[in-house]
Amino acid sequence: MAEALRTLEKALLIHLIYPQTSPTLPIQPDLGKSPRLHVLDTGMLNYSVGIQKDILGTEDLSAIYHGTMIEHIVGQELLAKQYNALHEINFWVREKPTALAEVDYLYQYGSKLIPVEVKSGSEGTLKSLHKFMDLAPHKMAIRFYAGDVSIS
Numbered sequence: 001m002a003e004a005l006r007t008l009e010k011a012l013l014i015h016l017i018y019p020q021t022s023p024t025l026p027i028q029p030d031l032g033k034s035p036r037l038h039v040l041d042t043g044m045l046n047y048s049v050g051i052q053k054d055i056l057g058t059e060d061l062s063a064i065y066h067g068t069m070i071e072h073i074v075g076q077e078l079l080a081k082q083y084n085a086l087h088e089i090n091f092w093v094r095e096k097p098t099a100l101a102e103v104d105y106l107y108q109y110g111s112k113l114i115p116v117e118v119k120s121g122s123e124g125t126l127k128s129l130h131k132f133m134d135l136a137p138h139k140m141a142i143r144f145y146a147g148d149v150s151i152s
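Per this note's numbering, the very first residue in the sequence shown carries number 1; after that it's consecutive.
Rather than coming from a laboratory, the hints here were simulated on the basis of the structure.
Wrong hints could be hidden among the right ones.
[Said to hold, decoys possible] Pairs of lysine-lysine residues, derived as DSS-like cross-links and limited to a Cα-Cα distance of at most 30 Å, are as follows:
#, residue 1, residue 2
1, Lys-119, Lys-131
2, Lys-33, Lys-131
3, Lys-33, Lys-96
4, Lys-53, Lys-81
5, Lys-81, Lys-33
6, Lys-96, Lys-112
7, Lys-33, Lys-10
8, Lys-53, Lys-112
9, Lys-139, Lys-112
10, Lys-127, Lys-139
11, Lys-131, Lys-81
12, Lys-81, Lys-119
13, Lys-33, Lys-119
[Claimed, not checked] Cβ-Cβ distance ranges computed for the label pairs, FRET-style:
#, residue 1, residue 2, range
14, Gln-28, Thr-68, 25 to 31 Å
15, Gln-82, Leu-8, 27 to 33 Å
16, Tyr-109, Tyr-47, 31 to 37 Å
17, Thr-125, Thr-21, 18 to 24 Å
18, Ser-150, Thr-24, 24 to 30 Å
19, Gln-52, Thr-24, 36 to 42 Å
20, Gln-82, Ser-152, 27 to 33 Å
21, Ile-27, Val-149, 23 to 29 Å
22, Ser-150, Leu-13, 34 to 40 Å
Idealized CB from N, CA, C, for every residue including glycine.
Full structure from sequences and hints, please.
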């Protein structure tokens with residue numbers, strides 16, 4: 001399976017996103033952990049999950065595919081923002097087996113590793129994001145959700 005996934009990645013059909021277990025720089029993805037698959041063509045993703053007709057004419061993308069489409073689009077934007085071909089997008093997982101915590105993406109801003117959490121609605125407890133913030137040496141985070149823009 002790993003060889004097939006690497007082949008699809010070389011063909012630029014998917015991107016394998018590996019987790020980071022530390023809330024600080026440098027980014028060191030744990031290649032021993034399972035990667036998340038990120039389909040590089042949004043239209044192909046829509047087709048493969050059978051939602052291309054649902055998207056046409058919708059007013060709320062977060063309602064489609066339970067918010068996964070919004071998370072995918074944020075990942076696409078982070079990939080597009082890359083200025084360095086060697087730069088990857090990553091996500092964070094807590095390295096404690098008894099308590100699972102995961103933040104959707106990590107964004108390097110200067111000397112800071114900023115967690116990026118994507119939610120389909122305006123509700124949510126953000127436990128994983130708060131756990132990352134407890135461990136990080138700064139108090140910056142980004143949350144995309146279906147609410148008004150605010151800075152706090």
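A quick look at each hint next to the structure:
no. : hint                         : result
1   : Lys-119 / Lys-131            : 16 Å, holds
2   : Lys-33 / Lys-131             : 20 Å, holds
3   : Lys-33 / Lys-96              : 13 Å, holds
4   : Lys-53 / Lys-81              : 29 Å, holds
5   : Lys-81 / Lys-33              : 25 Å, holds
6   : Lys-96 / Lys-112             : 23 Å, holds
7   : Lys-33 / Lys-10              : 20 Å, holds
8   : Lys-53 / Lys-112             : 40 Å, violated
9   : Lys-139 / Lys-112            : 10 Å, holds
10  : Lys-127 / Lys-139            : 15 Å, holds
11  : Lys-131 / Lys-81             : 26 Å, holds
12  : Lys-81 / Lys-119             : 21 Å, holds
13  : Lys-33 / Lys-119             : 24 Å, holds
14  : Gln-28 / Thr-68: 25 to 31 Å  : 27 Å, holds
15  : Gln-82 / Leu-8: 27 to 33 Å   : 19 Å, violated
16  : Tyr-109 / Tyr-47: 31 to 37 Å : 34 Å, holds
17  : Thr-125 / Thr-21: 18 to 24 Å : 22 Å, holds
18  : Ser-150 / Thr-24: 24 to 30 Å : 26 Å, holds
19  : Gln-52 / Thr-24: 36 to 42 Å  : 40 Å, holds
20  : Gln-82 / Ser-152: 27 to 33 Å : 28 Å, holds
21  : Ile-27 / Val-149: 23 to 29 Å : 27 Å, holds
22  : Ser-150 / Leu-13: 34 to 40 Å : 37 Å, holds
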